Amino acid sequence: MAEFLQFLISGLTVGAVYALVALGFTLIYNASGVVNFAQGEFVMLGGMVTVFASAAGVPLPLAAVIAVVAAVVIGLLLHRFAIEPARGASAVTLIIITIGASILLRGLAAIVFDKQFHKLPGFTGETPIDILGAAVQPQSFWVLGGTAVVVVALYVFLEHTLLGKAVLATAANRLAARLVGINTTTIMALAFGGSAAIGAIAGILVTPITLTNYDVGTLLALKGFAAAMLGGMGNPLGAVVGGLLLGLLEAFGAGYLSSTYKDAFAFLVILIVLFAAPQGLFGRRAVERV
Amino acid sequence: MGALLNQRFVTLAVLAAVIAVLPLVFPSSYYFRVASLVWVSALAAIGLNILMGQAGQVSLGHAAFFGIGAYAVAIGPTHLGIPPWAALLIGAVLSAVLAYLVGRPILRLKGHYLAIATLGLGVLIALVISTESRWTGGPDGMPVERLTLFGWRVSGSYTWYWVTGALLLVGTWIALNLDETPTGRAFRALHDSEVAAQVVGVDVARFKLQAFVIAAVYASIAGSALAFMNGFINPDQAGFLHSVELVTIVVLGGLGSVVGSIVGAAVLVTLPQALTVFHEYEHLLLGLIIIVSMIFMRNGIVPSLSGLFLRRARS
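As given, the protein sequences belong to chains A and B, one line each in that order.
When we follow the numbering used here, the leftmost residue of the first sequence carries the number 1, and every step to the right adds one.
When we follow the numbering used here, the leftmost residue of the second sequence carries the number 1, and every step to the right adds one.
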C-alpha cells in the first residue's frame, strides 16, 4: 500500500508538469494552429533563470517572477519574429520553425548560463513527509497545488473575462473572430506569452525535485505533446487529464514493470491509444467536409 | 514525355558530374569525409521525401530506420557472425517489414496525430537501442566491422566517397523514375487530395504503406553506409534530433524535389562543419538559420530559387 501510494504521488507530481506543458501546447495550438516544439524550452528557462537569479542573491520569490517575465518576453519574441512572419506556411514548416527556435534557445541557454545541472532548494524544506508509509517531498505539494492554481486561473480567465472569451472565439474560428472585431494577432501574441508563463511556472515548481539544465526541454516537449495528444489536441481539460495520466503511467510502469524503460511507456501508450482512437481519448470525431 | 526523360537524364548527369569533379578541388581527406556524409544524408532524405513530398505523409521518427540499418551492420557481424554485406540487406529487410507492420495502423492517422505517432515509434526504437546495451553497447555506441566485398576491404574516406556517391546516384535514379510510374502518380494524387485520389480508385492505404516502406528502406541503407564508413555507431543516429534533421533537410531543400533533398543535405551537413569555428555559437546559429530559411524560403531552397529563376527568365 505504501509503495502504491508512493508511485501514485510521484506519478501525479510528474504528471502535473506534463499537464502544464500540454496546457501550454494547447493554448498556442488553439489560438494559432501551431504545434510549438519550443514549449519545453519555456520550462527550461523558468528553472534556469530562477537558479541563476537566486544564485546572484535575488530572493527566491522575486527570482521566480523574473524567470516568468523572461520566459514571457522570449515567448512574445518567438511569436513576433518567428511565427508571425511565417503566417500561412504549412503545418510542417511551422513545426520546423519552432524546432529551430528550440535549438536556438537551447544554444542560447548553454552560452548565457552553462551546461551543468542545477538545483533549487525546496520552497518549504526538504524533509520528506510521511503519508501512510509513503515518503513525500514537500515540493510535490507545491507542484500539485501550483498546477491546480494555474488550471483554475486559466479556466476563470477563458470563461469569465472578455479577453479570455476573445481567445476562445479565435480558437473556434479565426476568420469569424476577426469579423466581429477581435484583433487575432494580439490574441496569438497573448497565447504565446501566456503559454510561456505556464511553462516557466512548471519549470520553477519542478526544479527542486528533478534538477534542470540547458537540455531538459526536449524530452519535456515530447511528453507534453504526447499528453496533449492523449487528451485530444486542442482540448485544455484533455491536456490536463492526459498529462496526469501520462505521469501516473510512467510512475507505475517504472515501479512495477521496468525502470529502464520508464520513458518508453508514454510513447507506447500513445501509439496504442492512437491505433484504437485516432482522435485521442477526449477528441471529438472530426467529420471532414470535402 | 521525351522532354521529361531528358530532364531526368540531365539531373542525373549533372549529379554524376558534380560527384566526379568535386575531388579535383578537395584539398584534404577531411573534405571527402564531409562530402560522403552529405551523400549519405541526401540518400536518407530522398527516401523520406518520397513519403513526405510525393505521398504527403509526415514522419518525425524516420531516424529509427536509419538506426536499424546502422545497428544491423554493427550487431550482425559482431554478435551473430553474419557477413557485413548480408547484414546490410538484413537491415533493409527488417526496416521494410517493420514499416509494413506498423505502417498500416499509423498511416490511418492524419496531420498532427500522424506526427506524434511516428515520433513515438522513433523514440521507442531509439530507446530500445540505447537500453539493450548487451547487444548495442548502450548510449556509448559500438564499433562496426569493416565492409569487405569479394575480398576487397572497403575503407578510407576516399573510397567511401565513391561508394556513397554511387549509392546516392542509384537512389536518385530510382526516385526520379518513381515519379513517372503509376505508383509515383498515385503518390502525387494522394498528396494533392486523399479523397479525390480515393474517388478515382487509388487504393489510398496501400500506396501510403508503399511510400512508407520505400522511405524506410532508403533510410536503412543510408544508416548502414554511415555505420560502415565511420566504423562506429551510437544511438544518437536513431534519435529524435536526427529525425528532425532529416525532416528539415527535406523541407529546407524542397518538398517533392529530389535535387532539393541533395541541396538540403549539403546545406545542413556542411553548415555545422563550417560553424565549428564558432563552436560555442553553433547551435544558436543553426537554429537561427533554420528559422530564417523557413520563413523566407518556405517552399524550400530549390523550388524557391527555380521559381525566382523562371520569373526572371520570363520577364
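FYI, nobody ran anything at the bench for these hints, they're computed from the structure.
Just so it is clear, the structure is predicted and the values come from calculations on it, not from any experiment.
Certain hints may be false.
Keeping only pairs whose Cα atoms sit at most 25 Å apart, straight-line, the calculated DMTMM-like set for lysine to aspartate or glutamate is [as the list claims (entries may be wrong)]:
{"id": "1", "chain 1": "A", "residue 1": "115", "chain 2": "A", "residue 2": "130"}
{"id": "2", "chain 1": "A", "residue 1": "262", "chain 2": "B", "residue 2": "179"}
{"id": "3", "chain 1": "A", "residue 1": "115", "chain 2": "A", "residue 2": "215"}
{"id": "4", "chain 1": "A", "residue 1": "262", "chain 2": "A", "residue 2": "215"}
{"id": "5", "chain 1": "A", "residue 1": "262", "chain 2": "A", "residue 2": "84"}
{"id": "6", "chain 1": "A", "residue 1": "115", "chain 2": "B", "residue 2": "203"}
{"id": "7", "chain 1": "B", "residue 1": "110", "chain 2": "B", "residue 2": "192"}
{"id": "8", "chain 1": "A", "residue 1": "115", "chain 2": "B", "residue 2": "194"}
{"id": "9", "chain 1": "B", "residue 1": "110", "chain 2": "B", "residue 2": "194"}
{"id": "10", "chain 1": "A", "residue 1": "165", "chain 2": "A", "residue 2": "84"}
{"id": "11", "chain 1": "A", "residue 1": "119", "chain 2": "A", "residue 2": "215"}
{"id": "12", "chain 1": "A", "residue 1": "119", "chain 2": "B", "residue 2": "280"}
{"id": "13", "chain 1": "B", "residue 1": "110", "chain 2": "B", "residue 2": "203"}
{"id": "14", "chain 1": "A", "residue 1": "115", "chain 2": "B", "residue 2": "282"}
{"id": "15", "chain 1": "A", "residue 1": "165", "chain 2": "A", "residue 2": "3"}
{"id": "16", "chain 1": "A", "residue 1": "262", "chain 2": "B", "residue 2": "132"}
{"id": "17", "chain 1": "A", "residue 1": "115", "chain 2": "B", "residue 2": "280"}
{"id": "18", "chain 1": "A", "residue 1": "262", "chain 2": "B", "residue 2": "280"}
{"id": "19", "chain 1": "B", "residue 1": "110", "chain 2": "B", "residue 2": "179"}
{"id": "20", "chain 1": "A", "residue 1": "115", "chain 2": "A", "residue 2": "3"}
Chain B is nowhere near these chain A residues, computed Cβ spacing over 12 Å in every case [to be verified]:
{"id": "21", "residue": "38"}
{"id": "22", "residue": "56"}
{"id": "23", "residue": "60"}
{"id": "24", "residue": "66"}
{"id": "25", "residue": "87"}
{"id": "26", "residue": "101"}
{"id": "27", "residue": "111"}
{"id": "28", "residue": "144"}
{"id": "29", "residue": "156"}
{"id": "30", "residue": "222"}
For each residue, glycine too, the CB sits at the ideal point set by N, CA and C.
Enumerate the violated hints, using their earlier numbering and listing them in ascending order.
Numbers 1, 2, 5, 6, 8, 15, 18, 20, 21, 25, 26, 27, 30, in rising order.
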